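Asks: One letter stands for each residue in the lines below.
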Amino acid sequence: MIRSEEDLKWKDLETGCVISDAGNASQYRTGDWRSLQPVWDKTKCIRCGVCFLFCPDAAIRKTSEGYFEADLYYCKGCGICVQECITGCITMVEEEE
Amino acid sequence: MNKKVGIEVSLAAADAVKMANVDLIAAYPITPQTHIVEHLSELVANGELDAEFIPVESEHSALSVCIGSAAVGARTFTCTSSQGLALMNEIIFIASSMRLPIVLILANRSLSGPLSIWNDHTDVMSIRDSGWVQVFVENGQEVFDHVFFAFRVAEDPKVSLPVIVNLDGFILTHVIEPIEYWDQESVNKYLPDFKPVSTLNPDAPVTMGAFGMPGIYTEAKKAQDEALINSKPEIIKAWKEMGEVIGRRYSPVETNNIEGAETVFLTMGSVGETVSIAVERLRAQGEPVGQVKLRLWRPFPVEEFREAVRNVKRIIVIDRAVSFGGQGGPVAAEIRSVLYDEENRPSVTNFICGLAGRDVTPDNYIDMYEKSLKDGDKSKEEDYVIYGVRE
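First to last, the sequence lines map onto chains R and B. Just so you know, this note's numbering puts the end of the first sequence at 638, numbered straight through with nothing missing. Just so you know, this note's numbering puts the end of the second sequence at 408, numbered straight through with nothing missing.
Accuracy of the hints is not assured; some may be wrong.
As the list claims (entries may be wrong) - Derived pair list, reagent style DSSO-like, types lysine-lysine, alpha-carbon separation capped at 27 Å: (1) R:LYS550 - B:LYS239; (2) R:LYS552 - B:LYS175; (3) B:LYS175 - R:LYS550; (4) B:LYS249 - B:LYS206; (5) B:LYS239 - B:LYS254; (6) B:LYS254 - B:LYS20; (7) B:LYS206 - R:LYS552; (8) B:LYS257 - B:LYS21; (9) B:LYS21 - B:LYS206; (10) B:LYS238 - R:LYS550; (11) B:LYS257 - B:LYS20; (12) R:LYS583 - R:LYS550; (13) R:LYS617 - R:LYS603; (14) R:LYS603 - R:LYS583; (15) B:LYS175 - B:LYS239; (16) B:LYS249 - R:LYS550; (17) R:LYS552 - B:LYS238; (18) B:LYS330 - B:LYS388; (19) B:LYS212 - B:LYS257; (20) B:LYS391 - B:LYS330; (21) R:LYS552 - B:LYS20; (22) B:LYS212 - R:LYS552; (23) B:LYS21 - B:LYS254; (24) B:LYS212 - B:LYS239; (25) R:LYS552 - B:LYS21; (26) R:LYS585 - R:LYS617.
Said to hold, decoys possible - Restraint-style ranges between C-beta atoms, simulated for each label pair: (27) R:GLU636 - B:PHE110: 32 to 42 Å; (28) R:ARG602 - B:MET230: 23 to 33 Å; (29) R:LYS550 - B:ALA62: 45 to 55 Å; (30) R:TYR569 - B:GLY85: 46 to 56 Å; (31) R:ASP612 - B:GLU258: 55 to 65 Å; (32) R:VAL634 - B:GLU243: 42 to 52 Å; (33) B:ALA62 - R:PHE595: 51 to 61 Å; (34) B:GLU258 - R:SER576: 51 to 61 Å; (35) B:LYS238 - R:ALA563: 40 to 50 Å; (36) B:ASP358 - R:LYS550: 24 to 34 Å; (37) R:ILE560 - B:GLU276: 46 to 56 Å; (38) B:GLU243 - R:ASN565: 20 to 30 Å; (39) R:GLU555 - B:ALA62: 54 to 64 Å; (40) B:GLY229 - R:TYR614: 18 to 28 Å.
Keep in mind the hints are simulated off the structure, nothing from the lab. Note that the structure is a prediction, hence the values are computed from the model and not measured. Backbone N, C-alpha and C define an ideal beta-carbon position, used for all residues, glycine too.
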């Protein structure tokens with residue numbers, strides 16, 4: 542079972558820090574790199590999915606209503622979605638403490 | 018039976034690497050190590066040794082190749098000196114943190130500048146804190162024996178760390194000595210096949226050498242420190258079992274004339290033999306002098322060292338390197354630190370000598386002994402003396 546690195550004690554590490562379980566990148570929280578987060582204005586969003594396509598970390602997901610939102614566990618706040626959005630419906634807002 | 022051969026120490030070391038049935042050698046020639054790797058390349062070229070010999074373009078590449086080799090589970094050897102070790106520096110730290118059992122023979126030589134090819138310990142002291150197991154040998158026989166020891170310790174799954182065997186450049190590498198060769202049966206008995214803790218294998222993929230964020234780096238370093246500290250019992254066991262196979266007994270801290278000694282010289286490497294002559298002469302004059310030799314430098318044998326000097330009043334530490342701006346040579350600084358919490362700790366006098374091949378004779382060591390007695394408490398005020406420097 543892969544665990545987040547923050548849960549590992551030194552004795553849990555394999556010899557030489559070998560990682561023997563594949564696919565553990567999904568455990569890695571990159572969301573804490575973020576200082577700004579993307580917010581969608583649904584009144585302007587045309588649900589085209591360009592933001593979803595361009596997100597370099599596949600950190601944008603589709604909601605049940607067909608709109609889009611960031612997966613904040615992974616979203617690094619790079620702002621590429623804002624740059625690419627056709628209608629300008631995404632804005633970057635300050636992270637709240 | 019084991020036979021005695023009169024041979025240059027470098028060639029004997031290479032023969033030992035061959036007898037250890039090494040799988041891969043990656044090295045770059047550098048004085049005074051060259052004869053070892055030259056002879057190995059001959060052995061491979063002549064078909065006497067079935068191993069990969071990779072003639073790389075630099076020492077940085079040599080050790081990088083060794084990392085790949087050890088990672089796939091091959092018995093791996095390299096060899097260097099001085100500037101070569103300096104060029105390996107980046108990879109030295111990676112090898113130990115990845116816990117890869119590589120054996121490196123280091124023919125100790127001074128670091129430039131001024132450019133020098135001669136012997137002292139400045140090269141190995143530059144990587145003192147790299148996490149490699151580090152041992153020192155005194156003569157050709159010890160070099161030969163310690164090739165097998167090094168593979169045995171490095172590849173022990175309880176250790177799984179790279180090992181450096183330090184031998185003094187020229188003083189050992191280029192002399193002809195009578196060396197007792199082990200028979201192959203003894204080597205095979207002492208050195209089991211290499212069974213790596215983990216390997217790079219496409220059928221069972223793992224990640225080696227991943228990066229570590231601040232959230233894991235501290236734990237990684239703690240694990241590495243514990244690994245090196247905990248290698249000591251396995252190191253002692255490897256020496257003990259060598260004694261059972263070939264009859265020569267080694268230990269982390271060895272003593273000479275320690276009974277009743279008030280003053281002891283502390284040495285590492287081949288100067289131990291010169292100092293032992295001085296000790297014999299002083300003993301013949303009735304002086305209570307002995308000698309302590311550090312064979313194991315990392316992990317530092319704290320308990321064994323404290324025990325060895327328990328009844329001693331004065332330690333004359335011989336350093337073969339300068340720690341510029343520090344409090345004495347690297348060995349003396351370590352010794353002072355190890356003794357600090359001891360009750361009735363002996364005083365420490367530190368002479369830095371034999372830099373870059375400068376000869377230090379038994380008479381010089383007798384002179385150091387006399388100086389240390391005469392100076393008494395003054396020696397405590399001076400952290401160290403660079404011995405024999407022209408004022």
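Asks: Using the C-beta atoms of ILE560 (chain R) and GLU276 (chain B), is the stated range 46 to 56 Å upheld?
Replies: Holds - the Cβ-Cβ distance for ILE560 (chain R) and GLU276 (chain B), about 54 Å, lies within 46 to 56 Å.
Asks: Taking only the CA atoms, is the gap from LYS257 (chain B) to LYS20 (chain B) under or equal to 27 Å?
Replies: Distance ~21 Å between LYS257 (chain B) and LYS20 (chain B) Cα, so the pair holds.
Asks: Between the alpha carbons of LYS239 (chain B) and LYS254 (chain B), is the straight-line distance 27 Å or under?
Replies: 24 Å, holds
Asks: Would you mind confirming whether the straight-line C-alpha gap from LYS254 (chain B) to LYS20 (chain B) stays at or under 27 Å?
Replies: 25 Å, holds
Asks: Measure nothing beyond the straight line between the CA atoms of LYS238 (chain B) and LYS550 (chain R); if it is 27 Å or shorter, mark the hint as holding.
Replies: 12 Å, holds
Asks: Given the hinted pair LYS21 (chain B) and LYS254 (chain B), is their Cα-Cα distance within 27 Å?
Replies: 26 Å, holds
Asks: Has the given pair, LYS617 (chain R) with LYS603 (chain R), been kept, meaning a C-alpha gap of at most 27 Å?
Replies: Distance of about 18 Å is within 27 Å: holds.
Asks: Lying within 51 to 61 Å: is that true of the beta-carbon distance GLU258 (chain B) to SER576 (chain R)?
Replies: 59 Å, holds
Asks: Does LYS175 (chain B) lie within 27 Å of LYS552 (chain R) when you go C-alpha to C-alpha?
Replies: Holds, because 14 Å separates the two Cα atoms, which is no more than 27 Å.
Asks: CA of LYS585 (chain R) to CA of LYS617 (chain R), is that 27 Å or under?
Replies: This hinted pair holds, its Cα atoms lying about 24 Å apart.
Asks: I want to verify a distance hint. Is the separation of the beta carbons of GLU636 (chain R) and PHE110 (chain B) within 32 to 42 Å?
Replies: Holds: the Cβ-Cβ distance is about 36 Å, inside 32 to 42 Å.
Asks: Does the alpha-carbon distance linking LYS249 (chain B) and LYS206 (chain B) stay inside the 27 Å limit?
Replies: Holds, because 21 Å separates the two Cα atoms, which is no more than 27 Å.
Of the numbered hints given earlier, the model fails hints 7, 12, 21, 25, 30, 35 and 39; all others are met.
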